[in-house]
Amino acid sequence: MTAVRPIDCNAFLGNWAFRRLRRNDAQELLAMMDHFGITQACVASADAILYRDCHAGNEEIFEETRKHADRFWLYATLNPAYAGWERDLASCAERGFKAVRLYPYYHEYALDGADASRIIDAATEAGLPVSIPGRVVDVRQRHWMDTKKNLDVDQLIRVAGDHPNATFLLTEGLLNAPPGDDFWSKVRGVNVYVEMSRMTSVLANSIGTTIDELGADRMLFGTGFPFKTPSPAFLKIQILEADAAVKQQILSENAKRLFGA
Amino acid sequence: MRYRTLDHVKRLDHPVIDCHMHVRHRGEDWRGPLDEEYCDGIIDANDRLGIDVSCVAPIRLTGDRRYEDFHAGNDRVREAMQRHPERIKGWCFVNSGDPKALDEITRRVRDERFIGVKLYNQYRIDEPVVEPIIERCIEWQVPILMHAGRPTDPATRARQPRISQADHFVNAATRFPEALLIEGHIGGGGDWEWSLKHLREAPTVYLDISGSVLDEWMVDRAVDALGIDRLLFATDMTFEGSMGKALDADLDDEGFSKLMGANFQAILDRRAV
Numbered sequence: 000m001t002a003v004r005p006i007d008c009n010a011f012l013g014n015w016a017f018r019r020l021r022r023n024d025a026q027e028l029l030a031m032m033d034h035f036g037i038t039q040a041c042v043a044s045a046d047a048i049l050y051r052d053c054h055a056g057n058e059e060i061f062e063e064t065r066k067h068a069d070r071f072w073l074y075a076t077l078n079p080a081y082a083g084w085e086r087d088l089a090s091c092a093e094r095g096f097k098a099v100r101l102y103p104y105y106h107e108y109a110l111d112g113a114d115a116s117r118i119i120d121a122a123t124e125a126g127l128p129v130s131i132p133g134r135v136v137d138v139r140q141r142h143w144m145d146t147k148k149n150l151d152v153d154q155l156i157r158v159a160g161d162h163p164n165a166t167f168l169l170t171e172g173l174l175n176a177p178p179g180d181d182f183w184s185k186v187r188g189v190n191v192y193v194e195m196s197r198m199t200s201v202l203a204n205s206i207g208t209t210i211d212e213l214g215a216d217r218m219l220f221g222t223g224f225p226f227k228t229p230s231p232a233f234l235k236i237q238i239l240e241a242d243a244a245v246k247q248q249i250l251s252e253n254a255k256r257l258f259g260a
Numbered sequence: 000m001r002y003r004t005l006d007h008v009k010r011l012d013h014p015v016i017d018c019h020m021h022v023r024h025r026g027e028d029w030r031g032p033l034d035e036e037y038c039d040g041i042i043d044a045n046d047r048l049g050i051d052v053s054c055v056a057p058i059r060l061t062g063d064r065r066y067e068d069f070h071a072g073n074d075r076v077r078e079a080m081q082r083h084p085e086r087i088k089g090w091c092f093v094n095s096g097d098p099k100a101l102d103e104i105t106r107r108v109r110d111e112r113f114i115g116v117k118l119y120n121q122y123r124i125d126e127p128v129v130e131p132i133i134e135r136c137i138e139w140q141v142p143i144l145m146h147a148g149r150p151t152d153p154a155t156r157a158r159q160p161r162i163s164q165a166d167h168f169v170n171a172a173t174r175f176p177e178a179l180l181i182e183g184h185i186g187g188g189g190d191w192e193w194s195l196k197h198l199r200e201a202p203t204v205y206l207d208i209s210g211s212v213l214d215e216w217m218v219d220r221a222v223d224a225l226g227i228d229r230l231l232f233a234t235d236m237t238f239e240g241s242m243g244k245a246l247d248a249d250l251d252d253e254g255f256s257k258l259m260g261a262n263f264q265a266i267l268d269r270r271a272v
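Heads up: the protein sequence lines correspond to chains A and B, in order.
In case it helps, numbering that gives the first Met the number 0 puts the first sequence at residues 0 to 260.
In case it helps, numbering that gives the first Met the number 0 puts the second sequence at residues 0 to 272.
Certain hints may be false.
Below, computed lysine-lysine pairings styled on BS3-like, alpha-carbon distance capped at 30 Å [what the hints assert, rightly or not]:
#1 K66(A) with K255(A)
#2 K9(B) with K246(A)
#3 K147(A) with K185(A)
#4 K148(A) with K185(A)
#5 K185(A) with K255(A)
#6 K246(A) with K185(A)
#7 K196(B) with K147(A)
#8 K9(B) with K148(A)
Selected chain B positions facing chain A (Cβ under 10 Å, derived; list incomplete) [as the list claims (entries may be wrong)]:
#9 D152
#10 E215
#11 I227
#12 R229
#13 M236
Over 12 Å on every C-beta distance to chain B, these chain A residues come out as not near it, computed from the model [said to hold, decoys possible]:
#14 Y50
#15 E58
#16 E63
#17 S90
#18 E93
#19 Q154
#20 A232
#21 D242
If you're looking for bench data, these hints aren't it; they were derived computationally from the structure.
We treat Cβ as the ideally placed atom computed from N, Cα and C, and that holds for glycine.
This is chain A alone, in the form it adopts within the complex:
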C-alpha cells in the first residue's frame, strides 16, 4: 500500500464486555499488521478499561506480547482514582510501556481534578506521554450498562495548558473546527498530538485542516483495530492531498519521536 512502514498508534488486545470482538489476540493483530506492513502497533488492553483493577489488563498484554516485544508498544491503562496506581505506573515504566492511557469517562474522575493532575505529573516525571481516547465506542450504540460520556476535548486542551511539560495523545480524536477558528490557536499552544482515524481527507477534510492549523508533526496514524476495521485509516492517508514527506510524518516519524523509538 505504501513504501512507508506505518506505526499504528491506536490498537487494542483483549475482550470488550459489551460487544464480541474478533481478531483480538496478538497473533491476529500481527497478521493484520503484516498484511498492511505495520511495523509496530501501540496497544492497550481492552479488558483493562472495565476491570476494577485495570492494571491486571496491563499485566495481560505484557505477557501476551513479550514474544514480539519489537512489534508492540504498550499503553499502561491506569486509574488515578483507584488504589496503588503509583506502584503500577512505576512497574509499567520499568517494563518499557511507552505511554499512560487514561479513561476519565469510564473511571469516573474529572480530567481537570486532583487525581488526574497527579497521574499526569507522574507520567511526565517518568517520561511517558499521556494518551486519552476521545471515546471507546459511539454512544449512540451504547450497551445499556456502558458510559454515556465522551471525552471533552476542550477540557483536554485546558488541562494540557495546566501541564505544559506533559505530552498528550488524543486517540479517536475528532478535530473538526473550521480553518481559522479560535480552537486551533488554543491547540497550538499546548503539547497535544492527535490520532487521525476519526477524521477525513475529503469534503470537510478535517485531516487537511488539522495539518494546516497545527502542522504535520502533530498527527499520528491509527486504525482503532480490532474495535474498528483497519482499511478506512489507510484510505484516509492514501487519498490525502499531501506530499510524501507529510504522509511519512503521520504514518511513522511522529510516533517514533513521541514514543522515543
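Given the structure of chain A, go ahead and fit chain B onto it with the hints provided.
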C-alpha cells in the same frame, strides 16, 4: 482475513454505486440553492475512491417539513443531477404526512427520472401514512430508502422518536412483500447487532452499509444475517470509512461485485415507470 484495495474496486466490470448520499443547500435557508462546491466535492471524493455514481437526497430535512421545504430540497437534487448527469442520481425526499407527498413523487420519479423515494424520521416505515407511498413505489417498482437505526442513548432517541427500526421494517415488509425497502446506514449509530437480528425475519428488505460506525466485523455479520444479495454499498458522507468497510469484508469476488453496485443496479433495473 481478506483485505482488498482500491485496485480491486477499479477492476470491477460495472459502475460502483453509492446508494445513500446527500447534497446540501447553500447558506442558512432551508430552501436555499444547491451548494455547488459541496456537490463538486462529492465527485472529487468519488474520483479518489473509485465510486462512479452517487445517489443523493437533500440533507437536514428534519422535523415537520412541509411541501415547500422538500420541494426545494428536491430541486437541489435535480440541480445536482443536471450538474453531473453521469455521476449523480436523485432520490425524491418527502414527508410522508404531507398531503402533496404523492404529487411530488409523481413529478420527480415519473417525470424527472429520480430513482426512488427517500424518507426520514417524520414517520416510521410501518405507519399507515406511509402506505400510499409504498403502494406507489410497488406499482412503479422503485425503491424506498429510509433513514433508520436503533440508537440506544437517551439523547439520540429523544431527538428521533419516530426513527424506523428494523422491527418496523419487518412489519412493513410483511405487509408489502413486493416493496423494495432499503434500511439506511447499518453504521449510522445504533445497536446494529439488534437490527441484524430483526432483519433476518424480513427477507425482502435491503440494507446499506454506510455510516460513521466502522466496527470491525459489522459487514461480515450483516452478510451472515441477510445474505450478500441484500447488502448495498453506500457512504452517507462517510467516504473512506464506508469504502474501507467494504474492502475489509470477507467476501469472494462475486459477493464484492454485488455489494459494490450489482445489487443496486438490479434494483434500478426493475423500474417500471
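Here is how each hint holds up against the structure:
1. For the hint linking K66(A) to K255(A), the alpha-carbon distance of about 21 Å falls within 30 Å, and the restraint holds.
2. Only pairs whose Cα atoms come within 30 Å are accepted, and K9(B) paired with K246(A) is accepted, the gap being roughly 23 Å.
3. Of the supplied pair hints, the one linking K147(A) and K185(A) holds, its CA atoms being roughly 27 Å apart against a limit of 30 Å.
4. Note on K148(A) and K185(A): the hinted pairing holds, with a Cα-Cα distance of about 23 Å set against a maximum of 30 Å.
5. Of the pairs offered as hints, the one joining K185(A) and K255(A) holds, with about 25 Å between alpha carbons and a cut-off of 30 Å not exceeded.
6. At roughly 24 Å between alpha-carbon atoms, K246(A) and K185(A) fall within 30 Å of each other, so this suggested pair holds.
7. Between the alpha carbons of K196(B) and K147(A) the distance comes to roughly 24 Å, so the proposed pair stays at or under 30 Å and holds.
8. Taken as a hint, the K9(B) and K148(A) pair is broken in the structure, with Cα atoms around 41 Å apart against an allowance of 30 Å.
9. Checking D152(B) against chain A by beta carbon gives a least distance of about 5 Å; that is within 10 Å, so the hint holds.
10. Hint status for E215(B): holds, given a least beta-carbon distance of 4 Å to chain A, under 10 Å.
11. With a cut of 10 Å, the hint placing I227(B) at the interface with chain A is violated, because the nearest CB-to-CB distance is about 17 Å.
12. At its closest, the beta carbon of R229(B) sits 20 Å from a beta carbon of chain A; the interface hint therefore is violated under the 10 Å criterion.
13. With its C-beta approaching chain A no nearer than about 7 Å, M236(B) sits inside the 10 Å limit, and its interface hint holds.
14. For Y50(A), the requirement that its beta carbon stay farther than 12 Å from each beta carbon of chain B is met, with the minimum near 22 Å.
15. For E58(A), the requirement that its beta carbon stay farther than 12 Å from each beta carbon of chain B is met, with the minimum near 25 Å.
16. Non-interface status of E63(A) relative to chain B is upheld: no Cβ of that chain comes within 12 Å, the nearest being about 19 Å off.
17. No beta-carbon of chain B is positioned within 12 Å of the beta-carbon of S90(A); the least distance is around 31 Å.
18. Listed as a non-interface residue, E93(A) keeps its Cβ farther than 12 Å from every Cβ of chain B; the least gap is roughly 33 Å.
19. Under the 12 Å C-beta cut-off, the non-interface status given to Q154(A) relative to chain B holds; the minimum distance is some 19 Å.
20. The claim that A232(A) lies off the interface is violated: its Cβ sits roughly 8 Å from the closest Cβ of chain B, which falls inside the 12 Å cut-off.
21. Every C-beta of chain B lies more than 12 Å from that of D242(A), the closest at about 16 Å, which supports listing it as non-interface.
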